[in-house]
Structures are given as C-alpha cells and as structure tokens.
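Chemist: Protein chains in written order, with this note's numbering: chain A, 1 to 216; chain B, 217 to 676; chain C, 677 to 1645.
If you are wondering where the hints come from, they were derived from the structure by calculation, not from laboratory data.
Among the hints, erroneous ones may be present.
Unchecked claim - When the alpha-carbon atoms are kept at most 30 Å apart in a straight line, the in silico BS3-like pairs for lysine-lysine are as follows:
1. C:K1103 with A:K74
2. A:K7 with B:K421
3. A:K203 with C:K1572
4. A:K182 with C:K1005
5. C:K1169 with A:K117
6. C:K1290 with A:K203
7. C:K1568 with A:K120
8. C:K756 with A:K95
9. A:K117 with C:K1628
10. C:K1402 with A:K203
11. C:K1532 with A:K120
12. A:K74 with C:K798
13. C:K778 with A:K117
14. A:K153 with C:K756
15. C:K1402 with C:K778
16. A:K74 with C:K1539
17. C:K1186 with A:K74
18. C:K778 with C:K838
19. C:K1567 with A:K74
20. A:K7 with B:K668
21. C:K799 with A:K74
22. A:K7 with B:K261
23. C:K1567 with A:K120
24. C:K1103 with C:K879
25. C:K1012 with C:K799
Bear in mind that the values here come from a model prediction, so they are computed numbers and not experimental data.
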Amino acid sequence: MALIFPKQLDSIVRLAIPLIGLGVLAGIGGAFYITQPDVLEPGYQPEQPVPYSHKLHAGNLGMDCLYCHNTVDKSSFAAVPSTQTCMNCHGQVKKESESLRPIRESYQSGNPVEWVKIHKLPDYVYFNHKAHVTVGVSCVSCHGRIDQMVEVKQVANLSMSWCLECHRNPAPNVRPVELVTKLDWKPEGRDAADIGRELVAQKHINPPTNCSGCHR
Amino acid sequence: MAQDLLEEKDKLYLERMNQPLVHGDPSYHEVTRVVSEIVEVRTPKAWYIAIGITGSITLLLKMMIVYLVANGIGVWGNNAPVGWGWDITNFVFWIGIGHAGTLISAILFLFRQRWRTSINRFAEAMTLFAVACAGIYPAFHVGRPWRAYWLFPIPIADHGMWQNFRSPLEWDVFAVSTYATVSALFWFVGLIPDLAILRDRATTKIRKTVYGVLSLGWRSSSEHWKNYEKAYMILAGISTPLVLSVHTIVSFDFAVSIIPGWHTTIFPPYFVAGAIFSGFAMVVTLMVIARWVFKVENFVTMKHLENMNMVMLATGTVVGYAYATEFFIAWYSGNPYEQFAFINRATGPYWWAYWTMVSCNVLSPQVFWFKSMRRSIPVMFVISIIVNIGMWYERFVIIATSLHRDFLPSSWGYFRPTIVDILTFFGTFGLFLTLFLLFLRFLPMIAVQEVKGTIATDKH
Amino acid sequence: MIVQIDPVKQTGKKYWRSLEELSNTSQFRQWVDKEFPSGAGEMLDGNSRRRFLNIMAASMGLAGLTACRRPVEHILPFAKSVEEQIPGVPLHYASVFSLGSKAQGLVVESNDGRPTKIEGNKKHARSLGAASGFAQASVLNVYDPDRSQVVLEAGKKSNWAKFAEFWKSQNLGDGEGVRVLTTANISPTLAGLEEQFLAKYPKARFVEYEAINEDELLAGSELAFKQRVRPVYDMEKARVVVSLDSDFLLHDAAGLDTIRGFARGRKNEHEISRLYAVESNYSTTGAQADHRLRLKPSEVLGFAADLAREMGALPQGLKILGQDGKFGKWVKAVAKDLNEHKGTSVVLAGSRQPAAVHAVAALLNSALGNVGTTVEYVKNDRPAMGESIGKLSAEMGSGAVKTLLVLGGNPAYTAPADSGFASNLSKVGSVIYLGAEADETAKTAKWHLPQSHFLESWGDALVDGIASVQQPLIEPMFETMSAIELLAMMLDKQGKTVELVKAQWKLDDKAWRSALHDGVIESVKPESVKVAADAKAVDAAVVAVKKPMSGFEVGFYPSATTYDGRFGNNGWLQETPEPMTKLVWDNAAIISPKTAEGLKVVQGENISITVAGKTVNVPVMILPGHAENCVSVALGYGRKVVGRVGKDVGVDVYPIRTAAGMGFSTQATVAKGTGTHNLVTTQEHFYQEARPIVREATLAKYHHEKNFATAEDEHIDEYSIYGYHKYDQGNQWGLVFDLNACVGCNACVTACQAENNIPIVGKDQVEKGREMHWIRLDRYFSAEGEHSDDPQVVYQPMGCQHCETAPCESVCPVAATTHSPEGLNDMAYNRCVGTRYCANNCPFKVRRFNYLNWHKDMEESMKMVSNPNVSVRMRGVMEKCTYCVQRIQEKKIQAKVEGRRELRDGEILTACQQTCPAEAITFGNINDPNSAVSKLKKKDLNYGLLKELNLKPRTSYLAKLRNPNPELA
C-alpha cells in the first residue's frame, strides 16, 4: 500500500507543531482574559424600577450622598433610602410625575421599591462602609463619579486584588473625612496622594491585609 | 588465541553478553512479525469480553466520582481525626506502582542492563496508567474539586495571592505532573520506531493514517536513529532523578507533618524502595499473564522474570529494614508520642493491618532466595499479588493508624471505609486494566527495534 | 434592608443548585427509577435516595448543563423607615428566661428584627451576665418549623376566632369543675390574671406542675423552719462546701450566680475552698469535688443524719450508716472540717433528695451559723406540685373536671406515672391545651392552642425577690398566644399585653423604661427571712424515713440537654454532649463497672428497670465513679409525639417515675434487658495515657512546688528555617482557660454554636466523628487512680489554640489558613479547597470539616437564627474556632470610628467567654501587660499544651488544683 504521508510533509509538520503550540497558548490566554474581573464586572448597569438620576440629584442639585445613604457612616451597609426619604421632597416636588409612580405606590402600600443591586460582593466578604468612610475613603474610590451618572453603573471590578491594592497602599484614596462625599475634590496646588500620606501617618491608618480582615 | 589475551573478567563479561536474552533465536523479521501480529490480527472475542468487563468497572468508577462530587467527601469514611483515609492511601499505592516503569526504562537503560529491553515498553505503559489512576485521588479527595485548579500557580487576578509553596501538597502538584509528563514523553519517543513498523505493515487506510501520524514520519534513516538515540538518552537522564524525586516528595506529605508515625526522616528512601517494590510486583503480575496469553515467552524469558524477582527480594528486604528502623528510632527518640504511635500500630485497633503488611511485604518475598522459587511462574505470580496487597496495606497503615490516635486521647477515633470508598478503589482497577487492554490491542507491547538490537548479530 | 435573591433568575448562580432542583422533577425520578433497581439509592452508606439522585444530576452537570447568567439581586429598603433600626447594626433588648421555678435575666441581640443571640444580663442577680446552655439554645425554638402554628380542634385545623366562640359558648357558671393546670407560675402578671379568673369563676382551681420541681426542698424548709423558704447561697464566701447529692453546679443551681461564686472560691490558688460531694450519679459537681463519696441515693440521708449527729446538731442516736468504715471516717472528717469553718461553710441538699435531707442541711447551716453569711433564706410560695397534680388527676378520674385548661408544660408526658394523668385526660369534658408543640398532651386535647415563645410575648418573672420584665423581640412568627394573653382573652380584657404587665408593676413611665432597659425592676428587692431551726422536728422526720433498702435503686435527673423533655426538638441541645458521659442524641442508664459485671451487661446493652409494675428498657452506659447497685437515668427523652429532631431519640423513663419516687425510687428491680442500642459519644477515650494534658496538683503540693505545671516541660531551642515572626506590635490576642473554674456546664459550646452558625450533623454523623463544635469540653479521668472505681474527673475546654507556629498553616497548599499580624490563626473558608491536610496536622484535632452540606435540608425559618456576621460554611471547606474574629473586628472598627487607637481590656468578649458562668475563659491582648489575660498568663499555674512541638499556642491553661482533707487522704 502506498505511503500516505510524503517526505515533504516533514517540513510542514516542523512548521505546524510550533504553530499549534502558539494556537493553544493563545486559546488559554483568551480564556484567561475573558474571565478577568476587569472584563466581567465593570459596566454592569441594570435598569432600575425608577429612573432615578444621581447626576440630577447629587450632581446638578448637589445633594450630599449622606442625605439618602444616611447609614453609610453608622453601619456596614450604605442603606438604600426608604421610600419615605424620597417622599420628603417628592411630596411637594413633581407630585404627579409618571416615573415616580412606583415611589408613591410604595409609600401608600408600604411595600418596598425593588431596586436592583449593582455593587455586589460575595456573602463571605464583610465590607464595612462605616470603617472606610469614617477614615476618609471617599465614595468615589469605589463607586466612581456617581454624580455624573444618570443611570448608575459599576466602575470598579471589586475583585480581591483590587481591594488589596488599596489596603496595601491606602494613601492615594485617603482624604480629609469631611470631603469623602465631595466626589470632584481636587486639592489646590497639592498632590492628593501627599495629603493622603500625611493623613495615613497621622491617623495610623493600617488597613488589614490578612484573611480575617474581610472574611469571617 | 586472541582469546588468551583476554583477562578472566572480560571472558566472563563476554559470556554474559552472549547469553541470549531472547530464546529460539528468532530472525529480525520474526521479532517484528510476532510482536506486530498481536496488534494486527482480527480482534479476538476474549478481548471484547475483557474490555467489556473492565469498561463497566470504569463506568462504576465514574459513577462513584460523580456521586462523591455531588454529595461531598462525607460519602467516604473519612472523619476527624482521620482526615485522609482510602483516598490518599490509594493515591500513594498507584503512584508507587507507577515507579517500576520509568525505573526499568530509564535507570536500567543508563546502567546498560540489556535485559530490560523486552519488558520496558510494557512497564512504561503500566507506569502511565498507574499514574492516571493515582491522579484521580488528589484531584477528587479535595472538598471542592471544582476549585482544585487553585492548587496550580495560575495567576488568578481575583485573588491577588499565591499558593503556599511551603506545603508538601503543593510540591506534590509539581512532582506528580512533571513525572506524568516526562514518562509519557519518554514512552512515546520509545514507541516511534515501532509505530513506524506498524505503519509500514498496515493494510488499511485508517491504520496507515493513524500510525503514520503517530510515527511522525519515521523512516529509520541513520539521521533519525542518531537523533532518536540522543533524545532517548536525554529523556532517560531526565527521568532518572524523577523516579527518585516523585516518591520522595510524596513521602514528604507525611514526613514534613508533625504527626507521630509520619514525622520521620527515613520516609524518602523507604517510600522509594517501597514504590519500586510494588512496581515490580505489578509488572510481574501482568507480565506473567501477558507473555502467556500473547505467546511471547521467547522475548520475555525466565531471565527477565527472575531478575525482576531479585529486585523484589532486594527492595522487599529494604522495606522490611525500614519497618524495623522506624521502631528503633521511635524507641531511641525517647518521645512518648512517637513510641505510642508505633506500639499502637502493632498492637492497637489496627494490629491486623500492620501484621498483614509485614507478612506480605517482608516475609513473602524471602522465598525468592531460592532459585527454584524465583523461576517458578505460579510462585512468582502469587507472591507478586501478595506483595501488591501488602504494599497497599503499608500505605493504609501509615495513614490511618498514625492519624486515628495522635496527641490528645480525647480526639481518638477509628476509620471505617464506606462502600463508596471500596467501589471507587475497585473502579480504579477497571480504569487501569481498560487502558492496558487498549494498549495491548493497538500498540506493540514489546519494543521491537530494541529487542532486535539485543539479538546476537553474527548469523545475519 | 433585606438583600433578596430573585428566585427565577438564579439558575447557574451556584453550580449545584440548579442541578439539584432539576434532579427532583418527577419525570426525572421516574427515569432514574427505571435506570436503577429499587433500593439502589440505599446502597450508599446510609445516604438518602435523594442524594443518590444527585449522581445523575451531577453527571448532567459534567455534561456542562448549567447556565451562567449573572444573578439579579434586589435591594428592598423599608417603605417607611423604622425608629432606631439601622440596617446591619444589631439591637439589644433585656428579657428574662424562665425554666421551671427559676428565672434568668437575658440580653438578647436582634439583627434586623431577628433575635439571633442570647446573652446573660449583668444586672440580673441570677445571671450576672452569663447565660445557661438552655437559655442560649432557647432562641432556636423561635424558628423551629415543627412548632405549633395554628389552633387545632380535635386535631383539625381551626382558628382563634372559632376557639373564642367555643370559650364563650360553654357555660362555666361559677367555675365548678373548671381546673387550670399551669407550669411553675413565677409571673406576677399571670398570677394577677389568675386572681381575676378566680373572682369570675370562684369554684375553679389553679394547679401548678413541673416535672423537675423543688417540692422536697420547700417541704424540708417547712420541717426545719416551719415556713416555705428557699436557700440562696453565697458560694464565694464558703470555704467548706458539703453537697448532699446536690448538683448545684448544674441542675440544682438556683442561678448561674451559684456557679460563679463557687468558681471564684476555687480560683484563688493561695486558698481554694474544699468541696465534699456525696452522691450516686457522677455529676459535674462531683467532678469538682476534692472528696467524693459514692452512695446510693437513699443512703445520702443516712450520711446527712450521721453527720448532724456527729456535730451534735441532731440529738444523739443510732448512726444509720455506722460509726466505722469509710462512712465513719468521712463523717468524722467532714464534721471536723465544718466545725472549723463555722459561718464560712455551707451544706447543700439535692432537689431529688427527700425533705428530711433538706431539713438536715437547713439545720446544719443554721447550726454552723452560716445563715446570713454563706446562705440566706427567701420566701418561696410554690405549692407542692407532685402532690397537687395527683389530686387533680384523681378529680379528673372521678369525672369531676368538666373543663381542664392546661397552660404549657406537656403534663401528659411529664406527670408521675402512678397519677394516671394521661389516661384521665380522656375523662375530662373538654381539655384546652396551650402548648408550643403539638406534643403528647396536645394529641389528647380537644383544643390545642399554639403558644408563643418567650421572645415573642410580654411577661415577667419574680423569683427570690428578683423581678424582671420579659420583653419580646419579635412579633409572633405564627398565630400564637402566651398564657397571659390567653387568660386575658378569656377574661375578655381589651388592650395590649404590655399594658397588663405595666399595670401589674404599677411603674411610672420612667421606672418602666429603666426596667425595660435594665431587665430588672430596681424597686423590688429580695428580702431574706429570719429562720429558726427546729432540731426535734427534723430528727423526727429523719427517724420516720425507712432504713435504706438493700435492693436496686434508680435515680432520676433532669437531662442536661432536653431538661424535662421540653427541649426535645432543639437540635443544638440534642447534639450537645452530656457533660459527664459525652453522650449525644440519647439518654442511658448509667451504672458502675461493678454493677455492670453483676448484671452481665456491656455498654449499649439494654437493661430492664421495673418500678411499680412498669418496665422500661434502657441502654447501659458504664461510668466509673457511679455508686454500686443503683442506676441513674435522665428524664426528657423518648418523646413519642414530637417534631422531627426529637423523634425516636432516647428512652422515656417517666413511666417508672412515681409520685413517691420523683427523685429516686428504692423499689426498682433491674435485670439484663433485651436487645442493644447504639450509644454515640463525642469522646471515646477518657484516659490521659499519662500524658501531661490536664495538669493538676493538690494545694499542698502546689505550695512547695509552685511551678509544677511547667516543671516537666522540656526545654526546646527555638530554631526555625523560616525564622520567627515577631508578634510584638499592637493587639496580640490570647486566651486562658482556668481549669479550676471550669465546671463543664457546656454553656460555652452552645454559645459558640449560636454565635458562629455551627450546624448540627445528627447522630450517625457524630458517630463517624464529624461533629462540628468549635469548642469542646474534653473530659478525662484525672491522673491519680485513673483506672480505679472511684476516679476523679477533670474538664478541659478545647478549641483552636491559635499557635504562633501553627502546623496547619504550613501545610495548606492554597494558603487558606494563615496567621494574622495580631496572632490569629485565620481561616478563609472561601479560599479553602478542602484537602483536610491542616486537620490532619493539627495536634489538637480542633479543625472541623464540612464533610456534607449540613445546611442542605435546613428549613427556611431555621436560617433566620443565623448570625449575619459569620459566613455559613459550604460543604467541602474546613472551619474552626476563630476567637470570634467577627467580634474583634466589630470592636476594632468601633474604636477606629470613635478615634481611639487602643481597645479597652475586656471590650472584646468571645462568645464562650461572655456566657461562661464560671468566668473560666479570659480573652484579651497579651501584648498589654495590664490586661487580665496577660496577668493570668504570668501565673505560675499557666501552661501551654505540647510545648515540645514548639507550637507557641496563644491559648493556655491554668493548671487544676485540688484541696483534699489530709484526714481523708
């Protein structure tokens, strides 16, 4: 029976083998890339039951984050405000607005508004807003320029290595406590990191980098 | 008269060299024919039956693993204090068996032990399959197998942390995977020339294609042979330290811990000896059957078997010596926990396991002191099986009896295997044999080209 | 704020979840049934068929059958925000836990409206900040899915409205034939309602019954003092303590203050008190004794009398147990010791001993001038319960009772066997039973009304002049009512229950608010009564008692886990090891090795115990140190009508408990029974094998060899190839267990279980050695006379020792367990892959592995008890004591927020420490030389385990001291 593979094939094979190898590597690399938190996480922007615009409220109207998220410095949760809070203003303002109907209904019925959760951490991660906000870590460090978002979307990848980045070197994200909700803060003539460094030194801020710091 | 110039020892050497390693002095062609035909004849019914059986046992293995993954390690007998039971026992058992192959092919090759030629292919195949079986356990003995990949140092961006390179288990990951890769490579390189033969003898297109691809365009040109020899030599060189390293590192899993009965420096040599011991035993078991079934008595001669028996006798005795040393050190250390651990082994709740181990591993091989015994097929067959049993018990004794009674009597316990433990272990044999049957069916079980090399060349 | 997972969109969130759901569809089952012969599911080691289905489920999983969509989670904020309620910040409320005729002040933690953790109330004199295991575990009953949830009429679903109709419809007239059976009524508010009830129905009568009561104690006080008073001890002052079959460190403790006082008396290594225990069953009190005398229950009286005569407290007369021999020697020695400690000694009698013994104890205490120093007597007007339920049952039998209203307590199960209460229930016109469970009593009742948990209803408790308010933390989970609410309804009172309670105490708003805040009502003060002992009366009573029988005796004691059976459906308690035998999920007949020989039985074989014609078959548990020729059995097991947890657990011994022999019976016949039973313990080996694990010495030895605890530790030169990390910065956490204080009461075990979301695994898994408790109480026979019939017993609390050079850390391949800069041995569950290597390499075997998914079949309601600050561990990961790291972090963050750098010593309490009645556990910063824990670690009694392994454990122990009487040596 005749030879199936002519001699010339050798050179082709010699060429093919490394190519195949590269292909495999590329495949692995690709698979690896698309599973990166940076690729998976940021940009999550679900539709909310009420088209609440942070840009309008926090940005244009300049409302302080703490007005609604009032537990952020008291609790580990940065509570989403109760319907009541909305009605404080919208009892008078835009009473008839169609898009606010769910709010009014909730207020009458007492049933909660079903906001969609955007920033999600696994159950085994015990992030504590109180601990961060009260030492001068600004909202912007994790949530980005909320005050410029009409619809809120996730900006940071919220991965463990992302957390550790800051826990290993907090200075760049530390600012005077009273400025934490000032998302557009830029110190005049000074590098924010320097101020951060000073604060870290002076307040003895040393974030945990061991397991039980966040996992319990 | 030139003969006279030769010194005595040279004479002896020549004699040894001229002792035929294959009997019935076959021609090159015969060698080729006999070996190749095994793969070429129409698949015998017996083979189908055999693989049918082993195949379904393998299926059982899969079932057990799936059941395990679905429910958790709790379906095994593992408990506190005995966190490792049959899982690691079987892992070490299979890894041990996987040793003979590379030893025979690599080390004996470097030592120019020509008698290895007719059995090395066979033994190497066995190695690979044993390692495959062994691999199952570390992968599935973990509580969350779907996270087992965390054991490999892939940079998982989400974690921003490394593995713990101080952990012997981490060393294992490397040792075992390296070993598996190299022995596979070694085996395959050795196969190439024979695959070429099969390709050339092939009568069907499929066979021609498959063997063609596998033989990577081998044309037995002197160029090819030169590279081949070089590659084979290099791989042999690489494999040799691995033979020793793998089981050394496996033994570290225990030696590095602080548990009395584990924490001892003798483990590396003791484990390696044990591994070779069990490995050879398994080769003998299978070889005895294979040479009889496939009528290759001429290539796998009594001399081969006898040599292997001698190795068993030697390593068996080494193992026995190790057992004794352990006790001596325990006594000599003056450490009450250590001493208790060993007294407990011999007289505690697991005394039966201990004494089974001793009688199987130390006493039984002693019969090989007698030539007649060494050369008796039934005897060596039985002994080899006994040794395999004994070596399984050795691992069980080391793991279970050390764990079940350690420092605080309040936490003492006992290990009982569950049916799942048993069926899983049973299943691995299914996998092992299935792979073996496939090997026998589709690949030359004897290294044709090498055997040819050992046939006295004068009459051609 | 509740974070809720949208059930629809959740496929693929968890790899297995979707598959398991899939694997349970009916077509799928049919298919599997076709594929596999029936029973195939059972082939696998007792695992359920349902599990077996998962094989197939998972193999599909392997076939890659999972969606991987990002699950949508919702945030549901309150519509109207709730006062004081900050999401994620727990609130604490004071309340009170009543058990029988005893009460214990509590502070209960509420997380987002769910009561999750119970602690003691510092301001409550019977709690002093500690909480018993029962109190700790009672929170689980709130969420028990097997609770009674609806009104049942003759077993049929009904509702309150229907019952109200029925109640009105029946014409009770002047209350003729109306009887109300309550549990020990220590609630003034309820008592107030009773009066009004009686005012409305003059001929009605109230009866109180508790299976575990203080009848004999009160009768004894009547004998001695001519008034019903109960002793309150100040154990701390007592230098010599004589226990006449009194388990005052567990069941007979009036409150946790008894334990605390005693423990304090044992802690001062320069001068520890001396305890003589005379008892039949080996109790936790006996374990603390410096001298322990094994006597049959009936012989205790003899000893007491002899002692009294020896001391001249009783007029001279024939010594019952005789002058000579062991007893004689004992009597003389104890008498002498007591006489040398007038005013600083105390004699206690066990509640299961007859009145005469209590009378003698009272007599001795007043003779010794202990009254006013170590013991005070306070009024107690609980009626004689055993007697009154007998009467009631007789009335019922005669058909005189038209309407019987039972307010809790499950009397059909607990009533004395010879009262025939259960059978007489059928002779009652209509039985109305208010109960928490559909139990034995509910089964026979015409109306079964579901009862509220004490954390769901308003109430109060007044015991020994300590008044406390029972404050609810949660609206009733189901349509339930409390006894108070029910009576109020029957007396058609309008308005809230809280108003009733408030009215009862006549407090102005300010006082009321502080009462709610403190949990105790300050205005009410305990007042001790003057007592004068009447030796003649006591003597008469003693003589009246028949001479001890020579035959077998059977003693009844409350179960350490189910009490009188009311906790039968509480998984936490069922899996808590019985302190002495370490038995779980069972009760047993405890006998001595010799007695076992005599009966030719071995562990687990049944013996038949016959009393008054009734026979029970009980498995034998052999315990050295138990008195000969008598058996001790725990009540509260073998419930027939009970929830899923308590089903077929143990043996019911109430059938052999007669009114005459509530404490013990001298009329028992015992023989080898039929069959065997599988008894499971968490500890199989009770001997220390001469290893220096629990280190102890006599006070005398200690005084001339102060460093005995560490004397034999071999010196090791500290060399490490990795080099040592210096733990000298900031907080360095450490813990000390004081073996002199620990009484083995198990409160810490339950507290840990509640705090750390520790699952229960069930009997068969415990048998496999897979119990999950993070802290355990190792129980050893102490070195001397380890193997004798009369061994001493020691307890050793054992949790993760947080070794600085932890063997578990170096072997974990994925670094899931590592050391924190503060010296904690961290365990990251989410990183753990579950190789179990760490557990193997842990010399203390304190690591616990989730062999199966323990939470799999957990009811939704049960999940509500979880502590939100601790991860619920999934199957396949390792876990262990973390020193309550969640509490540490919480306080650290708090301090940071308050701008403090230093934490105050004692600011952080571990769950076990906080609840320990004996103050045996001290946790703190060992880097601060002034912290309590470092002071203890400086003591010469302080030692670490297995020093030769160079582990540098952060947990250390204070060696045990005993103070034997030289004359009895």
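Chemist: If a hint holds in the structure, say so; if it doesn't, say that too.
Modeler: The hints, checked one at a time:
no., hint, result
1, C:K1103 with A:K74, "61 Å, violated"
2, A:K7 with B:K421, "18 Å, holds"
3, A:K203 with C:K1572, "9 Å, holds"
4, A:K182 with C:K1005, "84 Å, violated"
5, C:K1169 with A:K117, "47 Å, violated"
6, C:K1290 with A:K203, "75 Å, violated"
7, C:K1568 with A:K120, "24 Å, holds"
8, C:K756 with A:K95, "18 Å, holds"
9, A:K117 with C:K1628, "46 Å, violated"
10, C:K1402 with A:K203, "24 Å, holds"
11, C:K1532 with A:K120, "24 Å, holds"
12, A:K74 with C:K798, "26 Å, holds"
13, C:K778 with A:K117, "48 Å, violated"
14, A:K153 with C:K756, "27 Å, holds"
15, C:K1402 with C:K778, "50 Å, violated"
16, A:K74 with C:K1539, "26 Å, holds"
17, C:K1186 with A:K74, "28 Å, holds"
18, C:K778 with C:K838, "35 Å, violated"
19, C:K1567 with A:K74, "13 Å, holds"
20, A:K7 with B:K668, "26 Å, holds"
21, C:K799 with A:K74, "28 Å, holds"
22, A:K7 with B:K261, "38 Å, violated"
23, C:K1567 with A:K120, "25 Å, holds"
24, C:K1103 with C:K879, "19 Å, holds"
25, C:K1012 with C:K799, "38 Å, violated"
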